[in-house]
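Chemist: Sequence:
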Amino acid sequence: MIEVVDLHRWFGSVHAVRGVGFSIPAGQAVGLLGPNGAGKTTTLRMLTGIIRPQTGSIAIAGIDALARPVCARREFGYLPESAPSYPEMAVRSFLAHRARILGVSGKDRKARIQAVQDECHLGPVYKRRIGQLSKGYRQRVALAAALLHNPKVLILDEPTNGLDPTQIREARSLIGDLAQNRTVLVSSHILPEIERTCERVIIIGAGKVLADGTPEELCEQNTGGGCIVECRGHAAQITSALTAALPGSTIGSDPLEDGWWRLNIRTKDSADPSEPVGAALSNARIQIRQLRPQTAGLEEVFVRVLEDSIGGEE
Numbered sequence: 001m002i003e004v005v006d007l008h009r010w011f012g013s014v015h016a017v018r019g020v021g022f023s024i025p026a027g028q029a030v031g032l033l034g035p036n037g038a039g040k041t042t043t044l045r046m047l048t049g050i051i052r053p054q055t056g057s058i059a060i061a062g063i064d065a066l067a068r069p070v071c072a073r074r075e076f077g078y079l080p081e082s083a084p085s086y087p088e089m090a091v092r093s094f095l096a097h098r099a100r101i102l103g104v105s106g107k108d109r110k111a112r113i114q115a116v117q118d119e120c121h122l123g124p125v126y127k128r129r130i131g132q133l134s135k136g137y138r139q140r141v142a143l144a145a146a147l148l149h150n151p152k153v154l155i156l157d158e159p160t161n162g163l164d165p166t167q168i169r170e171a172r173s174l175i176g177d178l179a180q181n182r183t184v185l186v187s188s189h190i191l192p193e194i195e196r197t198c199e200r201v202i203i204i205g206a207g208k209v210l211a212d213g214t215p216e217e218l219c220e221q222n223t224g225g226g227c228i229v230e231c232r233g234h235a236a237q238i239t240s241a242l243t244a245a246l247p248g249s250t251i252g253s254d255p256l257e258d259g260w261w262r263l264n265i266r267t268k269d270s271a272d273p274s275e276p277v278g279a280a281l282s283n284a285r286i287q288i289r290q291l292r293p294q295t296a297g298l299e300e301v302f303v304r305v306l307e308d309s310i311g312g313e314e
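According to the working numbering, the stretch in the sequence shown is residues 1 to 314, in order.
It cannot be assumed that every hint is accurate.
[As the list claims (entries may be wrong)] Distance windows between CB atoms, simulated:
{"#": "1", "residue 1": "23", "residue 2": "309", "range": "32 to 42 Å"}
{"#": "2", "residue 1": "237", "residue 2": "161", "range": "51 to 61 Å"}
{"#": "3", "residue 1": "118", "residue 2": "255", "range": "39 to 49 Å"}
{"#": "4", "residue 1": "135", "residue 2": "260", "range": "47 to 57 Å"}
{"#": "5", "residue 1": "252", "residue 2": "23", "range": "33 to 43 Å"}
{"#": "6", "residue 1": "26", "residue 2": "268", "range": "14 to 24 Å"}
{"#": "7", "residue 1": "250", "residue 2": "220", "range": "21 to 31 Å"}
The hints are simulated quantities; they were obtained by calculation from the structure and are not laboratory data. We put the beta carbon where it would ideally sit given N, CA and C, even for glycine.
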């Protein structure tokens, strides 16, 4: 549904987007995750035709977005980070105005306005002026406007930015509902928002795609640097064996029942220490009942991927 190949964009001497590429099938909700300044908004602005890449290709719903931008725009709805609005207009008047601009035909216009009003839960404020609404409701109005032409693809840039915690929860729920029957690409620098609304994550940093996969896949790929072990023995003997085998490692211990211990072992590098830990404890004749790699959470994966990319450029 969205095909992006080798996008590059310079602003003067600044190489803001460096070979970004990804493919999103129909019906998938994907998060574009990265710190501020990573190139997320520039990438979305190229996808939506606001700016053109110097090199690369973009296809949306099978349409070449660079060669046929007007046709491509009919296939997606776009919610920019700072969505424009008309504070003096009533919500219903604004939606009717936007529907005319988007070319929604007269016979379908009333039905589409009612449909987006229902989808975005605008009933309580439908007759009010936009300038009187909370930011959460203004965001819903802008989202409804992006849905008027019933697009197959929805592109959202930092949709929860500036909202309070209650509004964020409501926006998250709304995005989840909209993703049930659309392809959704949402950018954010807030990891929990991506984790809770998207089934796949693309991590971008310094204008490049650094990682791409489901949260589970990314965590599995970045497992390493630690392990969990449950063993039985004297604490001093266990610590001595592990310290000798893994100098510089960090060992956290919690006592369990009947002389057993649960150890959380972290090493300085990303290598899985399970094998040397098992060998060290076995050689010291310490009984082991569980030994497994420590799985990284998505937050740890995000930080590690960004740190690795910085280290690779030095």
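Chemist: Now look at each hint and say whether the structure bears it out.
Modeler: These are the hints, each one checked on the structure:
1. 23 - 309: 32 to 42 Å: violated (21 Å)
2. 237 - 161: 51 to 61 Å: holds (53 Å)
3. 118 - 255: 39 to 49 Å: This hint is violated: roughly 57 Å between Cβ atoms.
4. 135 - 260: 47 to 57 Å: 53 Å Cβ-Cβ, so the 47 to 57 Å window holds.
5. 252 - 23: 33 to 43 Å: At roughly 41 Å between Cβ atoms, residue 23 and residue 252 fall inside 33 to 43 Å, so the hint holds.
6. 26 - 268: 14 to 24 Å: At 44 Å between Cβs, range violated.
7. 250 - 220: 21 to 31 Å: holds (22 Å)
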